[in-house]
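Undergrad: Required output: the full structure, derived from the provided sequences and hints.
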Amino acid sequence: MKYAEILHRCFRCGYCKLPGNYMDFNCPAYAAFRFETYSPGGRMWLLRAWLDHRLEPSRRFQEILYSCTACRNCVEQCALPKIKDELLLAFTAGKEKLVGDGKVPPAVRDCLTSLQKYGNPYGISRKKRVNWALDADVDMFSDHNYLFFPGDVGAFDSRGQEIARSVATLLTRLGISIGILGEREVSDGNEANAMGESELFRMLAEENIAHFNKLKVKRIIALSPHGFNTLKNEYPALGGTYQVFHYTQILSSKLGKLSFKDKLSKVRVTYHDPCYLGRHNWEYGAARKVLAAMPGVEIREMDRSMQDALCCGGGGGNIFTDIIGNGPESPARDRAVEALNSGAEILAVSCPTCAVMLADAVKSNNMDDRITVKEVSEIVNARLNGPK
Amino acid sequence: MGKIYEILVEIVGPEFVSDFPEEKYIYSMDPGTMPACEPDFVVMPGSTEEVQKILQAANAQRVPVVPLGAGLVLSGLSRPLKGGIVLDMKRMNRIVEINKLSRYALVEAGTSQGMLQAHLKKHFPDLKHSAPDAPPPATIAGNVCIHGSGHMSHAGGFHSDMLNGLEVVLPTGEVVRIGSCAISSYWNARAPLPDLSGLFLGWAGTTGVITKLAIKLYPNYPLNDVGVFVCEDASLVPDILYRITGTQMAEDVTAWMTPKPDWAAGFLHCNVNYGAKTKNELIWKRNLIRAAVENYIDDKTGGFLPLPGPMKQRFLEVPARQLALFADVRKGGGFEYVGAIMPVELFPEAYALGLDIADKLGVSYSMGCRIIGLNHSMMFFYAYAFNRADPEDIARAQHALEATNKRVVDMGGVPWKAEAPAQQEIIGKMDPNMFEMMRRVRSMLDPNGIMNPGNWEVN
Chain A
908 MKYAEILHRC
918 FRCGYCKLPG
928 NYMDFNCPAY
938 AAFRFETYSP
948 GGRMWLLRAW
958 LDHRLEPSRR
968 FQEILYSCTA
978 CRNCVEQCAL
988 PKIKDELLLA
998 FTAGKEKLVG
1008 DGKVPPAVRD
1018 CLTSLQKYGN
1028 PYGISRKKRV
1038 NWALDADVDM
1048 FSDHNYLFFP
1058 GDVGAFDSRG
1068 QEIARSVATL
1078 LTRLGISIGI
1088 LGEREVSDGN
1098 EANAMGESEL
1108 FRMLAEENIA
1118 HFNKLKVKRI
1128 IALSPHGFNT
1138 LKNEYPALGG
1148 TYQVFHYTQI
1158 LSSKLGKLSF
1168 KDKLSKVRVT
1178 YHDPCYLGRH
1188 NWEYGAARKV
1198 LAAMPGVEIR
1208 EMDRSMQDAL
1218 CCGGGGGNIF
1228 TDIIGNGPES
1238 PARDRAVEAL
1248 NSGAEILAVS
1258 CPTCAVMLAD
1268 AVKSNNMDDR
1278 ITVKEVSEIV
1288 NARLNGPK
Chain B
488 MGKIYEILVE
498 IVGPEFVSDF
508 PEEKYIYSMD
518 PGTMPACEPD
528 FVVMPGSTEE
538 VQKILQAANA
548 QRVPVVPLGA
558 GLVLSGLSRP
568 LKGGIVLDMK
578 RMNRIVEINK
588 LSRYALVEAG
598 TSQGMLQAHL
608 KKHFPDLKHS
618 APDAPPPATI
628 AGNVCIHGSG
638 HMSHAGGFHS
648 DMLNGLEVVL
658 PTGEVVRIGS
668 CAISSYWNAR
678 APLPDLSGLF
688 LGWAGTTGVI
698 TKLAIKLYPN
708 YPLNDVGVFV
718 CEDASLVPDI
728 LYRITGTQMA
738 EDVTAWMTPK
748 PDWAAGFLHC
758 NVNYGAKTKN
768 ELIWKRNLIR
778 AAVENYIDDK
788 TGGFLPLPGP
798 MKQRFLEVPA
808 RQLALFADVR
818 KGGGFEYVGA
828 IMPVELFPEA
838 YALGLDIADK
848 LGVSYSMGCR
858 IIGLNHSMMF
868 FYAYAFNRAD
878 PEDIARAQHA
888 LEATNKRVVD
898 MGGVPWKAEA
908 PAQQEIIGKM
918 DPNMFEMMRR
928 VRSMLDPNGI
938 MNPGNWEVN
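Keeping their order, the protein sequence lines are chains A and B. To convert a position in the first sequence, counted from 1, into the numbering used here, add 907. To convert a position in the second sequence, counted from 1, into the numbering used here, add 487.
For the record, the hints were derived by calculation from the structure and aren't laboratory data. Don't take each hint at face value.
[Stated by the list, open to error] From the structure, some residues in chain B lie toward chain A, with a derived Cβ separation under 8 Å: (1) GLU509; (2) ALA557; (3) ARG578; (4) ALA605; (5) ARG808; (6) GLY821.
It should be emphasised that the depicted structure is a prediction, and the values quoted were computed from it without experimental measurement. Glycine residues also receive a C-beta, built at the ideal position from the N, C-alpha and C atoms.
TA: In structure tokens form, the structure reads like this:
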């Protein structure tokens, strides 16, 4: 197993469980399950024990590994500079070994099978990938300036589709030339990679790259931070080098073109940093810049924000496998409470996965009358006069 | 034993009981050198009532129970030496009350040092508690139970001295309140009632399960500074510490000696941390501390180290994150230490002992001490790093720890949070009537011997 040599070097001091201000647990799996086994240090020691034949890769073992959401909080907080950057890579390597040994939880197996058969984790026909755009004024990519990449959640989840349409509409209103791949697009592969299926990831990525290159794509706007991450950081090694942007980065650079309504009610908004935009790619400013530019919007920061943000629990494929679940101590429900406690009426997100997870959490917490989860472009669109 | 699983599930719910091999493996050991001992179950209660029911069931079936905070004691005290239930308390982590004017915090036993620190910083920024240098997930209850010490120990003594009151579940299931909280809604003092808190402090979880506790809080000054007094002669250190602590200006006084980095080798460093409300007050305190050791500065046997900004920041950081780096000295994720409670006058002898053992056994070491009270005592530590992947290296560290414990006891010190073997060293030297009294107290509180058996017993 790759990175096996660092596993025993973890002291299990536990900084990895916490945010920088120590206020609560910040490892989503540990916060949800509370057993030490689910902490990053626990996973390190379990992996070592497995490699040393002291533990079998039982169903419990598999679920412990797959409850990791790849949020990177442990990397951010680890006290050992010589191993911290490899923590998440070691967990992924552990999953990769489980995949290789055919020892993955059924939900993971089903998700990976769907990705292989249908090119998406939902097991829906590829032809329906374009359905989100049927009501939107978006063309198939030809000689557009940007390829708009909605990703799996944006293309197939009903809430994700709303967000994809909202973002595409706003980009178009701003005069940005975007086109889509439609049914030729397959999963960006970020979740396959995080679930340890590196070969499947390579296959998916190469299929996308073939289309991108054939169409001479130069610039990509990703809807999902997950897609943004993998298109930007993983595709170049496979021959797919493009200028990749998250849509909030584009919006933040076009603020001067936006004209907002004069009479707008004041609203308190808190912003939830998605892991793949924040801790994975150090982008904390773009969405905040967009929100702050709107008259009447007051930004309330949560106690855990930016590099300390609590993950919604959907990463690492958990939105599809539901291994973390939606119990009272689930990270999404904890995050929804934190958002409400900030005094905000709107919990703003810039990731369709976070949008789905947090909206469910708000409902489960019976908080829907006090706080609403909205995606950044939806907030903008609702307050927009139109382009200048 | 079969039936107890169903009972535990009924009490806390299936999601908080485990008899899976994974939990049994992880909870069988802590990060130190002590060998693994597997529990039969790991259970996470969410309330005092649940703890009560668990203890009633365990007592009825004579199943051992081992309470666990963050599992960071390093000396293996929360390993279930005779199996049974490990009671992981971390779900009980509510901060119940901060009494600002009486400067105390009432917390559940699973509350971490970090959580309280963050809560005070946000809601009561002019208050702080005495945080140990353990990582922030360490629990407040765990540290009080072991007579821990921390960043206010010069001003306030051991963390057990800062205890105002306890809620405890006895091994037979009764819930007991100790201190002012026994007759009042206030948790402000242990006095003037008979002080029963001692029945649960230093006992390594062998007398009951603490579920709530109140601890003293202290002023959190906006301005903080640290001076590092350095000398090369260990025999001078007790007097240096006596003079510095005599000013009563500091909050925390510690000493440290390490062969790495090279610039620190051979020197004895005394850190003096202090705070103030104003710059003038800070300067005044600095001058008083400096004046206390001026004779050593004048005759050039010692002096204050000029501190670069980043180094000063590291010395002011609470807890000191850099201490975790010691675990990676051998690139093996392990260290354990003997902390010995002893009088400050033994400092030179204690230092020589550490050098001797490190030299003879070839172990990577770090040494130091924290002053408790106004030089009333010190916790002198000998930390040994080891490579977790190398059984010989672990054995070497174990040997060093055992040798250190033995010689500390011979010297007149008392090993702190002693490992099971060190407990035998202590028992061997202890006044037999004290040990007999411990045995009687324990059998009175825990007639079926379910609480952390194997600790504080004659082998």
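Undergrad: Does each hint hold? Answer for all of them.
TA: Outcome of the hint check:
no. : hint   : in the structure
1   : GLU509 : holds, 5 Å
2   : ALA557 : holds, 6 Å
3   : ARG578 : holds, 6 Å
4   : ALA605 : holds, 4 Å
5   : ARG808 : holds, 5 Å
6   : GLY821 : holds, 7 Å
Of the numbered hints stated above, none is contradicted by the structure.
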